[in-house]
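**Q** Taken in sequence, the protein lines are chains G and H.
Heads up, the numbering used here is the position in the first sequence plus 296, with the first residue counted as 1.
To convert, note that position 182 of the second sequence is 164 in the numbering used here; the numbers rise steadily by one, no gaps.
None of these hints come from the bench; they were simulated from the model.
All values reported here derive from a predicted model rather than from experimental measurement.
Some clues are possibly wrong.
20 Å max Cα-Cα, derived EDC-like pairs, lysine to aspartate or glutamate [what the hints assert, rightly or not]:
1) Lys279/H / Glu212/H
2) Lys325/G / Glu89/H
3) Lys325/G / Glu93/H
4) Lys363/G / Glu232/H
5) Lys75/H / Asp39/H
6) Lys11/H / Asp108/H
7) Lys321/G / Asp108/H
8) Lys75/H / Asp379/G
9) Lys380/G / Glu232/H
Non-contacting residues of chain H with respect to chain G, defined by C-beta distances greater than 10 Å in every case (computed) [stated by the list, open to error]:
10) Thr91
11) Arg139
12) Asn299
13) Lys314
14) Leu342
15) Asp373
16) Gly435
Built from N, CA and C at the ideal position, the CB exists for glycine as well.
Spelled out from the first residue to the last, the chains are:
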Amino acid sequence: MIKEEKWELRLYIAGQTPNSVLALKNITKYCKEHLKGKYTIEVIDLLINPQLAEGDQIFAIPTLVRKVPEPLRKIIGDLSNEDKVLVGLNIRPLSD
Amino acid sequence: MGKNIQETLLKTPTGISGLDEITNGGFPKGRPVLICGSAGCGKTLFAAQFLVKGITDYNEPGVFMSFEETASDLTQNFKSLGFDFEKLKAEKKLRIDHVRIERTEIEETGEYDLDGLFIRLNYAIDAIGAKRVVLDTIESLFSGMENTALLRSEIRRLFSWLKEKGVTAIITGERGESSLTRQGLEEYVSDCVILLDFRVIEQIATRRLRIVKYRGSTHGTNEYPFLIDENGISVLPVTSLKLDYKSSTEIVSLGLPALDDAFSTGGIYRASSTLITGTAGTSKTILASYFAMSSCKRKEPTLYFSFEESPDQLERNMATIGIDFKQAIQSKLLHIHASRPSLLGLEMHLMVINNLLAELKPRTVIIDPISSLITIGNSSEVRAMLVRLMDTLKINQINALFTSLTHEGHSGYNSSALDMVSSLADTWINLENEERNSEMVRSLLIVKSRGMGHTNNKQDFTITNKGIHFTSSSKKTKST
Chain G
297 MIKEEKWELR LYIAGQTPNS VLALKNITKY CKEHLKGKYT IEVIDLLINP QLAEGDQIFA
357 IPTLVRKVPE PLRKIIGDLS NEDKVLVGLN IRPLSD
Chain H
-17 MGKNIQETLL KTPTGISGLD EITNGGFPKG RPVLICGSAG CGKTLFAAQF LVKGITDYNE
43 PGVFMSFEET ASDLTQNFKS LGFDFEKLKA EKKLRIDHVR IERTEIEETG EYDLDGLFIR
103 LNYAIDAIGA KRVVLDTIES LFSGMENTAL LRSEIRRLFS WLKEKGVTAI ITGERGESSL
163 TRQGLEEYVS DCVILLDFRV IEQIATRRLR IVKYRGSTHG TNEYPFLIDE NGISVLPVTS
223 LKLDYKSSTE IVSLGLPALD DAFSTGGIYR ASSTLITGTA GTSKTILASY FAMSSCKRKE
283 PTLYFSFEES PDQLERNMAT IGIDFKQAIQ SKLLHIHASR PSLLGLEMHL MVINNLLAEL
343 KPRTVIIDPI SSLITIGNSS EVRAMLVRLM DTLKINQINA LFTSLTHEGH SGYNSSALDM
403 VSSLADTWIN LENEERNSEM VRSLLIVKSR GMGHTNNKQD FTITNKGIHF TSSSKKTKST
């Protein structure tokens, strides 16, 4: 058995904008495919909690933050490029 | 568009000494202002002073959004200028938000916007009711992100958002090769653009400020020297004073009764300026010292700028002809400030003079010799500085006396400088040493004196251990 790894992801959005909706849809899809059962996605809407933007150094929306595993990584944009997201998050495809 | 800020152009005081004079009241209220300049020209300090003075002097809370330095670095850096960021933060008057953009930990994929930045800024502004905002330096975004076209449109959106928010904002930008800022931010900030410049002229560092654009407002168009010292930035609005000072009719003595008698009024007007010219060794300093002593005798504080002799040397030399500087210094009436003219730039000298004027509040100021200041700048700068200095002295009702070294045979070397001083001076006295019958004779001539009659002939004098003695009696030739 490979050591149990867990991905803690945070998606920062600002209201239900097309980019944010798309980003959430994309990351959920990638995680289901590659990280089944080993991930959590926390969605933070900065319109509701603006004070949380400073802590994770958020300036672009949407921003996906990988809190765990370390080191911290950020991917900004609607996450439409799957390869870039997977590489960015250090997720190796499960298949093969 | 927000509110009715478009209708009349209200101004926000900048908190930078001298700048409000040039801009006729400050920055455009509720609008973004672009401050650009190369590295080390003082942009961040400029912005910080705008915020801190806004809080302390005008009760306008401020947000400092830094894209470069961390909050603790900023706090540390400005401590020496007396800007207490910690205290202002604790009082909820200041918020510092450091936006850190680490390219190595960021990937970009697909569409995004800068709403995160907007939200952070909005949150910071609303938390303390900020009226002033600084973005230093927003161009850092470009080095951290790839999609420059998107950044540009987002920055444009940010500036109009700031306007709608009604905050007066300073945006700093690094000087570009062919444009004012590297990313051409000046295209987006159309209201007010200020350029800071730092250059070295003849080994003397000079800082200059120019208002490139100020829509809807009159402003000075010159390059203005500015200084960074322990009080922060001050701009010298060299030519902005108006000729509206009061003219005194009170008469003060030059310190020598015989010389006073040469004027129909028995002395010169208070707060007038006197120029004493002469070649080397014609006793200009002695005449200046008499004037200083006459001021001290009236119990009026006197400030003596000596650019050639140390206070000690001056004191010793004057003692040999019976002028007691020592006692005047001890009684705190006379303050001698000696420095080498070449040590500082022209505007630094002017600033030192201004600071001492504010500190000591003298009634009489002597600059001995002003010609040594003239040698350290180009003539247009010097002229502007002299005009400014004389106006400052007049406005403060200070008696001024300048000595100026001239050269044998009126060589062209500093005759233009002499021209400018003499046209500004109210009274001009020329001293001469000439050979008559194989004897060196000292003489004095009043070249001009505004608003009073004076003798028109040369008066011979000698210098003994008791001081100056006139040997030919003065006659009143003009009005009595």
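**Q** Does each hint fit the structure? Answer for all of them.
**A** Taking the hints in turn, this is what the structure says about them:
1. Lys279/H / Glu212/H: Violated. Lys279/H to Glu212/H sits at ~35 Å, over the 20 Å cutoff.
2. Lys325/G / Glu89/H: Judged against 20 Å, a Cα distance of about 19 Å means the pair holds.
3. Lys325/G / Glu93/H: Holds, at about 18 Å.
4. Lys363/G / Glu232/H: violated (79 Å)
5. Lys75/H / Asp39/H: holds (12 Å)
6. Lys11/H / Asp108/H: This hinted pair holds, its Cα atoms lying about 18 Å apart.
7. Lys321/G / Asp108/H: violated (32 Å)
8. Lys75/H / Asp379/G: violated (46 Å)
9. Lys380/G / Glu232/H: violated (84 Å)
10. Thr91: The assertion about Thr91/H is violated, with a minimum of 4 Å to chain G.
11. Arg139: Arg139/H clear of chain G: closest Cβ-Cβ about 13 Å, beyond 10 Å.
12. Asn299: Asn299/H is indeed farther than 10 Å from all Cβ atoms of chain G, at 66 Å.
13. Lys314: holds (54 Å)
14. Leu342: holds (48 Å)
15. Asp373: Non-interface label stands for Asp373/H: nearest chain G Cβ at 49 Å, farther than 10 Å.
16. Gly435: The claim holds: Gly435/H sits with its nearest Cβ about 75 Å from chain G, beyond 10 Å.
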